[in-house]
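If you're matching them up, the sequences are chains A and B in order. For what it's worth, full-length UniProt numbering labels the leading residue of the first sequence as 1, then goes sequentially. For what it's worth, full-length UniProt numbering labels the leading residue of the second sequence as 1, then goes sequentially.
Simulated from the structure, these hints should not be mistaken for laboratory data. Any given hint could turn out to be false.
Derived list of chain A stretches under chain B, where covered just means 3 residues or more per stretch with a C-beta under 8 angstroms from a C-beta of chain B [unchecked claim]:
| # | stretch |
| --- | --- |
| 1 | 324-338 |
| 2 | 348-356 |
| 3 | 361-373 |
All of these numbers come straight from a predicted model, not from anything done at the bench. Using N, Cα and C, we set each Cβ at its ideal position, and we do this for glycine too.
One-letter residues, chain by chain:
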Amino acid sequence: MTTNGGGTLLALDGISKYYGSFKANDQINFAIQAGEIHALLGENGAGKSTLVKMLYGSLQPDEGRILWQGKPVHISNPAEARALGVGMVFQHFSLFDALTVAENIALAMPKDQKLSDIAKRLEAVSKEYGLPLKADARIHDLSVGERQRVEIVRCLLQEPKLLILDEPTSVLTPQESEDLFKVLRRLSSEGTAILYISHKLAEVQALCQNATILRHGKVVGECVPAEETPLSLAKMMVGDDIHEIAPRATTSDGAEVILQVSDLTADGLTGFETSLKHINFGVRMGEVAGIAGIAGNGQSELFAVLSGERTSAPDMVKINGEPVGHLSILQRRKKGAMFVSEERLGHAAVPEMSLSDNVVLTRHGLEKDLQTGPFIRHGTAKRLKDKIAQMFDVRKGNDDPTAMSLSGGNLQKFVLGREVMAGAKLVIVNQPTWGVDAGSAAQLRQNLIDLAAAGAAILVISQDLDELFEISDRLATMAEGELSDFVPTSQTNRNEVGLKMTGAFVPAEGASA
Amino acid sequence: MRLELIKRSAPAPAMRFLSPLLGLFLALIAGAIMFSALGKAPDRALYAFFIEPISEMWSVHELLIKAAPLILMGAGLCICFQSNNWNIGAEGQMIVGAIFGAALPILLPDVQNFLILPLMLIFGIMGGMLYGFIPALLKAKFKTNEILTSLMLVYVAQMLLDWIVRGPWRNPEGLNFPESRRFHEWARIPEMMPADGRANWGFVIAIVVAIALGVMLAKSLKGFEVKVIGTSPKAAQFAGFDAKKMIFFSFLLAGGCAGLAGIIEVAGATGQLRPTVSPGYGFTAIIVAYLGRLNPIGAIVAGLVLALTYLGGEAAQISLGLSDKIARVFQGLILFFVLACDTLILYKIRLSFGAAQKGAA
Chain A
1 MTTNGGGTLL ALDGISKYYG SFKANDQINF AIQAGEIHAL LGENGAGKST LVKMLYGSLQ
61 PDEGRILWQG KPVHISNPAE ARALGVGMVF QHFSLFDALT VAENIALAMP KDQKLSDIAK
121 RLEAVSKEYG LPLKADARIH DLSVGERQRV EIVRCLLQEP KLLILDEPTS VLTPQESEDL
181 FKVLRRLSSE GTAILYISHK LAEVQALCQN ATILRHGKVV GECVPAEETP LSLAKMMVGD
241 DIHEIAPRAT TSDGAEVILQ VSDLTADGLT GFETSLKHIN FGVRMGEVAG IAGIAGNGQS
301 ELFAVLSGER TSAPDMVKIN GEPVGHLSIL QRRKKGAMFV SEERLGHAAV PEMSLSDNVV
361 LTRHGLEKDL QTGPFIRHGT AKRLKDKIAQ MFDVRKGNDD PTAMSLSGGN LQKFVLGREV
421 MAGAKLVIVN QPTWGVDAGS AAQLRQNLID LAAAGAAILV ISQDLDELFE ISDRLATMAE
481 GELSDFVPTS QTNRNEVGLK MTGAFVPAEG ASA
Chain B
1 MRLELIKRSA PAPAMRFLSP LLGLFLALIA GAIMFSALGK APDRALYAFF IEPISEMWSV
61 HELLIKAAPL ILMGAGLCIC FQSNNWNIGA EGQMIVGAIF GAALPILLPD VQNFLILPLM
121 LIFGIMGGML YGFIPALLKA KFKTNEILTS LMLVYVAQML LDWIVRGPWR NPEGLNFPES
181 RRFHEWARIP EMMPADGRAN WGFVIAIVVA IALGVMLAKS LKGFEVKVIG TSPKAAQFAG
241 FDAKKMIFFS FLLAGGCAGL AGIIEVAGAT GQLRPTVSPG YGFTAIIVAY LGRLNPIGAI
301 VAGLVLALTY LGGEAAQISL GLSDKIARVF QGLILFFVLA CDTLILYKIR LSFGAAQKGA
361 A
């Protein structure tokens, strides 16, 4: 692949951004040529998002200069960024669910344009680039991939010179990702520069001509991804050697079924979300069962119903053969079922509260010494916190910090540790390593495998296929509220699972364990 | 040019406690400016407003009488507000509590024994709880905005009291004045030190309740539940805490406190039902809760401060010849400056010169 030689479009010269004494970005330098697809690689928390927010005007750098076509510019808000020719597709979409595609796009356009003209233009552009969209479709009827198309087309209508994409494939199936790459390559050949932010090495290697690697807010290397190996890229990102998961060869075919879900059907959490449709499966003692799927296909609902945050008919969920569908999360915890939710801050932990208070959050009623009558024994809570920190290697700045002051990885270790420290028969985890650094992620996965080896039944819901293939014994896929049959991980592959993510399977009939 | 509020990365912890003091100080300065604009010497006026009322023993007693309902209701509202239940109707719950408690000595004037006063207090609490139950039920069942329902119910309660005092419960020997029968001795809360002033044991009850609520909030699992539901509703759900039950718990608790305040007011200071029971104590209690950092123990101090503004208003009327509405102005200033200080502790202000969103090309 060749760059189009359009000259340097954008250069960053010594850009720094501080949050208090924390350096989110420290003396960043790099440049993008017109027509270049440039990767910005780094782990979660490396400073990628901070950097692009400064390019898009949502944040201001504390030091350094941004040079646009050789001239220093001050981008004080997103409107100015758009006026320069910077377009951005965010990881989390900014669309109004109740409005149509054309109306959403019109909101980002100059006020004097007619809605019908915008509709015509957007359909023309979407057709030209192979991003089929209907102008009058309502956002809430669209799939996640289609919503992303709306975001991309919205940028394209403004004819950007630089298009920034933040983790665009985290919500896409492998097949949808491939379609996206075609569009990006075409834009590049037409002279649009693309800044592609990701931590997925394979796609960066396939797509990007150059890469800048960030670690702890600093540029730690630049390379041509095609000339590197995934391992060498990963080492640059993470900085130290990556822990290998100890494999295990077990069969739990004959083992006791701990969790049994039968013909589970439920409404969405909000009006627009996918409901659960006739879900059947079982998880046995000593195995790790994985559920793959793109976010928003019913995983949150499934977790809520399994945990007891929402209730169902008693027989739909059974633990150890006992109907628990009508029981609360507290009662299910007392039966030995433990839950780790997707969001750490604000769901599994109260951000503003100390770790010892967060111990009380889910251990109350389970630990004998945690209460005297109606009163909490804070001393016991502190002891439990210390035990968790020690057993699960939770690194913290001071003795009893607030949950929000911990890094994602350390907080997740704390949350998992809190749930499983006193033994668990069943552990249900949603997105165990989302936003967690590579070192902690490896440890968390090892913890889950160890728990299974110790006899617990583990159910892992994840969007990360690599993770699921690494740790689970059996895999199923969720799409639009339906769950495929479980197949042994050794008998399937990423492509097959990717296809199922789009809903290309016949849902299970009747109960199957 | 426009002003922007930007979140501070680390608010100074000491400032969180200094904020109410700073707010009070600024309210005093604003008050001084207001007095001089009214043509009064600010130093003398402030002295008359804030110092004179507590320079004599009998007026300290008056302060305690006014502080008791403010502390009781402020402490109850702390629990409500911390659990994200916006009960604005303490005034109404206080009135209904007063009516319920007063029913005994008014309807059964001949039952005179030592049981009557405890029963009146219990009736008062139940009346307040019952009246707090209405907005709680509406919120839990129909997701009705509790700010509106609890506020509107205040006016209903005021009308109910007005009707009952002028109509069915009017004193048969009262020359047609809109007042109830005077309570007999068994139905009055005794005075603490009759030689010095009128203050009654209601003030002690208020302190005990506020301390009990403070201990509950800081030490018990229920208090933990209140805080978790208020700060992080999803985490509360994960912990197995029921937000709906908390609506009832907090409204019944605050309503019960307000009802108790109501019966203490009528069985203590006034000794009969009149068309108005409270000069807006239930609304001032909202300021008490905030000035006390939503902490029931803090509400004790805040209750005394706000009680002083009521006395100051009366003093301003007498010795300065100003309207007693000036007390309301001070209460407003205090709330305004405390909230402003809180905001500035959490956020900083930035002047921004770039134009706001202009539809970009």
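Checked hints:
Under the rule that three or more residues need a Cβ within less than 8 angstroms of chain B, the assignment of the stretch 324-338 of chain A holds, with 4 such residues. Beta-carbon proximity to chain B at under 8 angstroms applies to 6 residues in the stretch 348-356 of chain A; the threshold of 3 is reached and the given coverage holds. Counting residues of the stretch 361-373 of chain A whose C-beta lies closer than 8 angstroms to any C-beta of chain B gives 5; at least three are required, and the coverage claim holds.
Of the numbered hints given earlier, the model fails none.
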